[in-house]
Each structure stands twice: as structure tokens, then as C-alpha cells.
Amino acid sequence: EAQVTQNPRYLITVTGKKLTVTCSQNMNHEYMSWYRQDPGLGLRQIYYSMNVEVTDKGDVPEGYKVSRKEKRNFPLILESPSPNQTSLYFCASSFGQGAREPQHFGDGTRLSIL
Amino acid sequence: GENVEQHPSTLSVQEGDSAVIKCTYSDSASNYFPWYKQELGKRPQLIIDIRSNVGEKKDQRIAVTLNKTAKHFSLHITETQPEDSAVYFCAASKIDKLSFGAGTTVTVRA
Chain A
1 EAQVTQNPRY LITVTGKKLT VTCSQNMNHE YMSWYRQDPG LGLRQIYYSM
51 NVEVTDKGDV PEGYKVSRKE KRNFPLILES PSPNQTSLYF CASSFGQGAR
101 EPQHFGDGTR LSIL
Chain B
1001 GENVEQHPST LSVQEGDSAV IKCTYSDSAS NYFPWYKQEL GKRPQLIIDI
1051 RSNVGEKKDQ RIAVTLNKTA KHFSLHITET QPEDSAVYFC AASKIDKLSF
1101 GAGTTVTVRA
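Residue numbers (the working numbering), protein chains in the order written: chain A, 1 to 114; chain B, 1001 to 1110.
Quick caveat, the hints were computed from the structure, so don't treat them as lab data. Backbone N, C-alpha and C define an ideal beta-carbon position, used for all residues, glycine too.
Result set (DSS-like, lysine-lysine): computed pairs, CA atoms no more than 30 Å apart in a straight line:
| id | chain 1 | residue 1 | chain 2 | residue 2 |
| --- | --- | --- | --- | --- |
| 1 | B | Lys1037 | A | Lys71 |
| 2 | B | Lys1057 | B | Lys1042 |
| 3 | B | Lys1037 | A | Lys65 |
Here are a few chain B residues that sit away from chain A, every Cβ distance over 10 Å (derived from the structure):
| id | residue |
| --- | --- |
| 4 | Pro1008 |
| 5 | Lys1022 |
| 6 | Lys1058 |
With these hints in hand, go ahead and build the complete structure from the sequences.
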């Protein structure tokens, strides 16, 4: 089944404790991206990757890191999480022309930073 | 960067009536405009999209219109049904970045 898989689905952690949210897709998509969803703000793009070894900042990259060493994986790293990063996070991927194609979203990861 | 504004933030309609959601964008270079539906607790899913070389697109009860000159686009849902209740997001993109509106919560009253 074609899908985008995120792990974990839920995480409660404390300020400053490094964490990684994994994202994997099995559709051989070139484009992958991370979004955070907050009430009243919609989805805001954190980072995106047009292809392997190519990453760039979205609209809200502060406090986050990403890497794209393999085509299928695009982990989101919070090296020193803070409470303002408490949010619902979605990974997405698409084929071909990057953000100009339908995005396939994962099921989301709900992070709570205490 | 791109700024997408979406109105209204909430919309309540009687079953069978039409629903219209409007979005504006700021970057004239944007050329792809998708609409996503998100049911409670679920992932966003694409329901329809339109590219800048097209003015209107329809898929059964859903239609999208695009006015490039005015930089606005709209989603029209006709003959609304209870299963249309969800949050709807518009978005605008160029090649690499995708910017979303803040969302519209649509409630269809039986």
C-alpha cells in the first residue's frame, strides 16, 4: 500500500531533550516536506526537500533540522525542544514537480513539550 | 514569501445548500492551487486542484475557480451532505514551497 509513515504518532517529552520524528514514504517520491498545524494558523511549512541531499527552509524553520540522505526518508529533528514547538506535525511527499503536485500526507505526530 | 488568506473561518450550511470558501494569494508567481479536506483527527487529503492556465475545474459536486488577475480562487460545494463537514484548506505554490490558508470549518446541518 502506498503510504507516508510517521513515527511516533504521539510523544510527550520535556524541554531540551532531543527528539527525532521519522518519516518514510514508499512511493519513490522526489519531494518531501514537513508541516506543523496549529489552531487558527493552518498548516505551515517547516522544511522541504526537492530530492536526496537537497533541503531548504520553509516558512517556520527555527528550532528544527532535517536531513535527506535517502530518497524514502526525511526525519525531523528537534535538538532542543521548547514548549512553543508543541503542535501537530505532518510529513508529506509528492511525485514530480515538487510542491506543484498533490501532496500525500502521513497520519500526523502530536508532540507535547513540557 | 507567499501569503494565503482564507475566508470565512467557519461556515454553517443547511444540508442540500451550497458552500463557498474564498482564498487570496499574494505572489503572482504561484501557479498551482490545491484544496485539502481534513476530517477530525485525520490527515489532510486533496479534493481538487487547479493550475494557473485553467480558470475553472469541476469534479461532481465540487468546483474551483481561479482569477489570476485578482489573485483569488474559490471552492464551491453544491448539494452539501453531512459527510462534507470537515476543515477545508486552500493552498498556493510555486515549484518548491507550498503555503496554506488558515482553514475553514464547514458544518453541514441535517
